[in-house]
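Chemist: The chain contents come next:
Number of protein chains: 2
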Amino acid sequence: MGAEQSKPAVNFEVGAFKVDGIGEPYFQMGPDTLRIPMTLHREARENLSRSVRDGAEDYTVNSYMFFQGGRKNRRFDTDINYVIFRQESYFNWLFGTKEPGLSGVINCDTGESILFIPRLPESYAVWMGPLRTPDWFVRHYGVDECFYSDEITTVLKEKRCSTLYLMEGMNRFSYVSTSAPIFEGIENFTIDKTTLYPLAVAGRVRKTDKELDVIRYITKVSSEGHRRVLLAAKPGMMEYQASSIFTYYCYMYGGCREVGYIPICPSGDRSKILHYGGQSAPNDKQIVDGDLCLFDMGGEYHCYLTDITSTFPVNGKFTDVQRTTYEMVLDTVHTVVNRIRPGFTWREARMVCYRALLRNLVEQGLLVGSVDEMYDAKLHRVFMPHGIGHFIGGDVHDVGGNASYWCWSDSQAKDIDWYDPDLEWCPLEKNMVLTIEPGCYYNDVLLDPALLDPTQGKFMVKSEIDRYRGIGGVRIEEVFIVTTDGCEIISDVPRTVTEIEEYMKNPPPDDIPFLDAF
Amino acid sequence: MGAEQSKPAVNFEVGAFKVDGIGEPYFQMGPDTLRIPMTLHREARENLSRSVRDGAEDYTVNSYMFFQGGRKNRRFDTDINYVIFRQESYFNWLFGTKEPGLSGVINCDTGESILFIPRLPESYAVWMGPLRTPDWFVRHYGVDECFYSDEITTVLKEKRCSTLYLMEGMNRFSYVSTSAPIFEGIENFTIDKTTLYPLAVAGRVRKTDKELDVIRYITKVSSEGHRRVLLAAKPGMMEYQASSIFTYYCYMYGGCREVGYIPICPSGDRSKILHYGGQSAPNDKQIVDGDLCLFDMGGEYHCYLTDITSTFPVNGKFTDVQRTTYEMVLDTVHTVVNRIRPGFTWREARMVCYRALLRNLVEQGLLVGSVDEMYDAKLHRVFMPHGIGHFIGGDVHDVGGNASYWCWSDSQAKDIDWYDPDLEWCPLEKNMVLTIEPGCYYNDVLLDPALLDPTQGKFMVKSEIDRYRGIGGVRIEEVFIVTTDGCEIISDVPRTVTEIEEYMKNPPPDDIPFLDAF
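Quick mapping for you: the protein sequence lines, in order, are chains A and B.
1 is the number of the first residue of the first sequence in our numbering; add one for each residue after it.
1 is the number of the first residue of the second sequence in our numbering; add one for each residue after it.
Calculated from the structure, these hints are not laboratory results.
Among the hints, erroneous ones may be present.
If several chains are the same, the list does not tell them apart, and a pair holds so long as it fits within one copy or across any two.
[What the hints assert, rightly or not] Below, computed lysine to any residue pairings styled on SDA-like, alpha-carbon distance capped at 25 Å: (1) K234 x D510; (2) K430 x P507; (3) K159 x T110; (4) K72 x E168; (5) K462 x E168; (6) K210 x G316.
Pulled out of the complex, with its shape left as it was, chain A reads as follows (with noise of 0.2 Å):
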């Protein structure tokens, strides 16, 4: 790699954003990958500006909405990148743009759009490629107008802005404060800081219809990764060599230059472990025969993304224990999927969830008494320690609050109910697309204590649960879209056992030779 001077944001005439012959912009990462028009990221802008209108108190005419996308992230001090620029979800959906250091405003009225991009020498061109011209952005983005960074106070000034809309706020997911951002001459303007960040989470919550597109495509290159990954899963492969095979399908055939999140491939008795894989752990286990393999991976697509879990027998035939353990998660799955649709809280799914699955382990004899009993007394916790799914889109734990996780640290365990109901969202509505993800774990750590609780251990069979120590454990997590009557799950790999060991046994010739492309 030719070093260079610390250089500023990339510009280049990049080919997968495109313009077609009546002059709409789209992006399409290569010729069998999904082409998405730029009217999705139009759209969501003036829905965003309508929400403005009609939701700011006071709310005053050609007022301006500004947003700053993502900076450049440089490893420590070095002049290496972190592998791959990756846009900030709030710009990606308004803007869909790939650049680093870009900012832009929407007018209120109208969902006008101004990019504003770095100002660079033309000397970049020798390491980026031609520079991208204002124009270029205008024609390529669909935005109305493109100006550079250090004209945004004159532009605004210009069009007059009455009130200038910031994004402060928490995103309450990984609890991070996001602060109003600050430009050269903002003091110029009226600025109101508090209206903006709640609208455009409820924005990104609902997904319009170009939005569910790429989120159907990128869930079906991830779900053709996993039925990839099963069928190349066998003993004595290493985790991380899993991950790698999921990676390079949605990279190679899907166009997907990143995953949505580390991946997290357990197996045996690691799968217990809720996020196995990253930073110290990296899938560095090397799979055995009879192990459970837990493969909780997703791809991304022009910054959305999708989030599935598969639990299968590496060997291609589940024992009896892991067969139990399966069924019970599944059934699991099913019973919330039956309730879903608009109305629907996830306060409600979370209780259906884990009252299933309490239901499931005293037919299976592994508790015994009351389901009501078990639930109060939180012993569904002991064998799914998280929450049971979430919303996706932009970011795989998306934006939109924590709709049900109980949390498992100390400091925040306390009886949480995370479920707000201040929240609008909170009842589902139709295009709202989230994960359910039922869990079953064997985890002497949360087994042990809770055997001497006696709130707990009186309605646990010590003898059958010991009989499923060792197993680690069974995610399942389905991606449904809410629909008018109910919910649509887009997530697609074999699901019951019956589906995985034939799958395993006799896979479809199409979903074999994935590799001999070349």
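Position chain B relative to chain A; hints supplied.
Modeler: Okay, now just chain B, sitting in the frame of chain A:
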């Protein structure tokens, strides 16, 4: 992926870190990947301790060095980690640890080492696996002691630390400064912020035999990856697909969780763009018949990496102008490589390299006149607007100063010689590892102004040069280790025109079916 509340560092009993039968810890990702003894890092600590004892002014007995490891890096306001935490390179060099949020000290007299780890609640075991204890760190990383981060001051006081050396300085490649780290209680110690940084730089530049083993390994794996891409590439393929094959190969077969930098995979006319492939130019051109592919890609293993560039015709057959350009660049590589030995300076290498390229351009009729005069007129910059190579190791542009780079940016495009005679590394020494990467590009952005410039244009044969425009360019990048009396090239891909054409026509059987393994 199951959501969680804001969670600190990962802790998990990682399979990749193991202890052998006699208690020696090592790192090994998979059964077929390199085993790296943790004594590599012990040696680095001992060497650096000696440097401080020898190099510090007014050295006092029982001094310590303090290092802070990398922290987690999240994507904007989300709870999503930038895919994969990657340890900071100084910290990896000295400790080899993969967990974020650590710090460590080294006794300058004895090399004795102490790690400090975050104190995590037991509950993280559910999300990340069994908590790693201080004892685990001692056993698996071969450090002498391990305490919690909140014990740093107590421990250093008990140890009667006389002077505490901190890292503070500027990375001469990125121009990013590192400020001295701070911890609670640091005011209790006598601090020295000036001694350590340059000694650490000097230490990283001179590789030990154990480090060379790692660099040899990753260079071998990456060479294999390049070979597979050479065989897989064909007209119609997207550039990013070539990139995905490389990263897949390195991960699947080499255990490389990461690549050393964003793969640069331009084809055709785009191969003149030096840092193609990143961010908004995501290798998104379709490769067509007749294109040259210029693929600059390197893998990474245990935070050591490599950097190799291959240029080849996608259809397996060079055209005349492609072949001529390729052979000019290859001759330039050989000319420099033949001169490399201890004592040779990078300033000399630069001169040899650029003049060799100019000589070749004269021999092929693109230039006419005296090479001396062309060199003085900086005509080489028109055809090769970048440096001739760089150190590699823990970073792709490894520390050690900006050995040779002429900077193309307007603001810095003065007649700067980056060579700094005060930097002790300047004469090459045995066991330094560098790349040599001559290139020759036909870039209108550079050619057209040069043709109009009387001091440069007078040497240029426009009619000949015009025949070459449109093919983009050629770069050949080899990795070498300086030996006692020369250098050893460790990159291993087909290099001559004949070798490349023959390899693509009749690949060795073993190189083809790497994807049939599953």
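Chemist: If a hint holds in the structure, say so; if it does not, say that too.
Modeler: Results for each hint:
1. For the homomeric pair K234 and D510, the shortest alpha-carbon distances inside one copy (19 Å) and between copies (22 Å) are both at most 25 Å.
2. When the C-alpha separation of K430 and P507 is checked against a cutoff of 25 Å, the pair qualifies neither within a copy, at 35 Å, nor between copies, at 55 Å.
3. For a Cα distance limit of 25 Å, the shortest separation of K159 from T110 inside one copy, 13 Å, qualifies, whereas the shortest one across copies, 68 Å, does not.
4. Both within a single protomer and between protomers do K72 and E168 lie at most 25 Å apart by alpha-carbon distance, with minima of 21 Å and 23 Å respectively.
5. Proximity of K462 to E168 under the C-alpha cut-off of 25 Å is found in neither arrangement, the shortest distances being 50 Å within a copy and 57 Å between copies.
6. In this assembly of identical chains, the alpha carbons of K210 and G316 never lie at most 25 Å apart, being 38 Å within a copy and 42 Å across copies at closest.
Consistency with the previously given hints fails for numbers 2, 5 and 6, ordered from lowest to highest.
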